[in-house]
Amino acid sequence: KQEVTQIPAALSVPEGENLVLNCSFTDSAIYNLQWFRQDPGKGLTSLLLIQSSQREQTSGRLNASLDKSSGRSTLYIAASQPGDSATYLCAVTRYSSGNTGKLIFGQGTTLQVKP
Amino acid sequence: ETGVTQTPRHLVMGMTNKKSLKCEQHLGHNAMYWYKQSAKKPLELMFVYNFKEQTENNSVPSRFSPECPNSSHLFLHLHTLQPEDSALYLCASSQKQGTSTDTQYFGPGTRLTVL
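Protein chains in written order, with the working numbering: chain E, 1 to 115; chain B, 1001 to 1115.
Keep in mind that the hints were calculated from the coordinates and are not lab data. Check the hints yourself; a few may be wrong.
Stated by the list, open to error - Distance ranges between label pairs, derived from CB positions:
id: 1; chain 1: E; residue 1: Ala79; chain 2: B; residue 2: Met1015; range: 30 to 40 angstroms
id: 2; chain 1: E; residue 1: Asn18; chain 2: B; residue 2: Arg1063; range: 17 to 27 angstroms
id: 3; chain 1: B; residue 1: His1079; chain 2: E; residue 2: Gly41; range: 22 to 32 angstroms
id: 4; chain 1: E; residue 1: Tyr76; chain 2: B; residue 2: Glu1067; range: 33 to 43 angstroms
id: 5; chain 1: E; residue 1: Asn22; chain 2: B; residue 2: Met1015; range: 15 to 25 angstroms
id: 6; chain 1: B; residue 1: Gly1014; chain 2: E; residue 2: Arg55; range: 47 to 57 angstroms
id: 7; chain 1: B; residue 1: Ser1065; chain 2: E; residue 2: Lys1; range: 43 to 53 angstroms
id: 8; chain 1: B; residue 1: Thr1080; chain 2: E; residue 2: Asn18; range: 36 to 46 angstroms
id: 9; chain 1: B; residue 1: His1079; chain 2: E; residue 2: Arg55; range: 39 to 49 angstroms
id: 10; chain 1: E; residue 1: Asn22; chain 2: B; residue 2: Gly1014; range: 16 to 26 angstroms
id: 11; chain 1: E; residue 1: Val20; chain 2: B; residue 2: Gly1014; range: 28 to 38 angstroms
What you are looking at is a predicted structure, and each value in this text was computed from that prediction instead of being measured. Heads up, the beta-carbon is just placed ideally off N, CA and C, and yes, glycines get one too.
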């Protein structure tokens, strides 16, 4: 059974810091890994999607890496801003010939960036 | 705005009530999803529809009944719920379920409270 774990559960940093969020998964048979952002009381916004054949993806100040063999992904946020404050969710898409496209989520890391 | 809308945004209901949640996507996608987000638990997939056909039922109790009349609309009919069913219910859509580049777009959710 695929399990996704995110560490830390919460993180508070001063503005301007570079930071790393961690995600680990137990089964390397995945289609892809995605990072989402969720603001309080709102839905999820997709930030980055890394296909299983890729090692990393970048978008602006965000960089996500994927190491399938070790079951790990990291989300790197450069020069953090107060507007980055949110919960960040990692999810893997489970690979199965008869049941594709199922997202398995971690519990998230709640980030607070202080001005 | 992600192109996925949900109504109502908030719902309070008694255990004997019958209500429905509605989701509509304006993205021309073919797959739609219902997720449940409870406090202190990872986001859980409930149902998946691909081209109006249900392709996933994640062992959801029968008091939750989904309906997908077309690719743009998804409903979740609720009856005789329990207080532990109180949660944020999120709808999502994607172009096509089961591809390695498929990204899901989420609605803002319906916050459900069962008294």
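ask   = Holds or violated: 28 to 38 angstroms for the Cβ distance of Val20 (chain E) and Gly1014 (chain B)?
value = violated, 46 angstroms
inquiry  = Quick check: does the Cβ-Cβ distance between Asn22 (chain E) and Gly1014 (chain B) fall within 16 to 26 angstroms?
reply    = violated, 42 angstroms
query = Between His1079 (chain B) and Arg55 (chain E), is the Cβ distance one that fits in 39 to 49 angstroms?
reply = For His1079 (chain B) and Arg55 (chain E) the Cβ distance comes to about 48 angstroms; the hint holds.
key: His1079 (chain B) versus Gly41 (chain E) beta-carbon gap, inside 22 to 32 angstroms or not   = Given range 22 to 32 angstroms: holds, Cβ gap about 26 angstroms.
query = Per the hint of 15 to 25 angstroms, is the separation of the Cβ atoms of Asn22 (chain E) and Met1015 (chain B) within bounds?
reply = violated, 40 angstroms
ask   = Do the beta carbons of Ser1065 (chain B) and Lys1 (chain E) sit within 43 to 53 angstroms of each other?
value = The hint (43 to 53 angstroms, Cβ to Cβ) is violated, given that Ser1065 (chain B) and Lys1 (chain E) are roughly 26 angstroms apart.
task = Take the C-beta atom of Asn18 (chain E) and the C-beta atom of Arg1063 (chain B), compute their distance, and say whether it sits inside 17 to 27 angstroms.
result = violated, 47 angstroms
ask   = Per the hint of 47 to 57 angstroms, is the separation of the Cβ atoms of Gly1014 (chain B) and Arg55 (chain E) within bounds?
value = Given range 47 to 57 angstroms: holds, Cβ gap about 52 angstroms.
query = Does 36 to 46 angstroms hold as the CB distance between Thr1080 (chain B) and Asn18 (chain E), or does it fail?
reply = Distance hint for Thr1080 (chain B), Asn18 (chain E) is violated at roughly 51 angstroms.
ask   = In this structure, is the beta-carbon distance linking Tyr76 (chain E) and Glu1067 (chain B) contained in 33 to 43 angstroms?
value = Check passed, 42 angstroms falls within 33 to 43 angstroms.
task = Check the following: the C-beta atoms of Ala79 (chain E) and Met1015 (chain B) are separated by a distance inside 30 to 40 angstroms.
result = violated, 50 angstroms
When each numbered hint is compared with the structure, violations occur for hints 1, 2, 5, 7, 8, 10 and 11.
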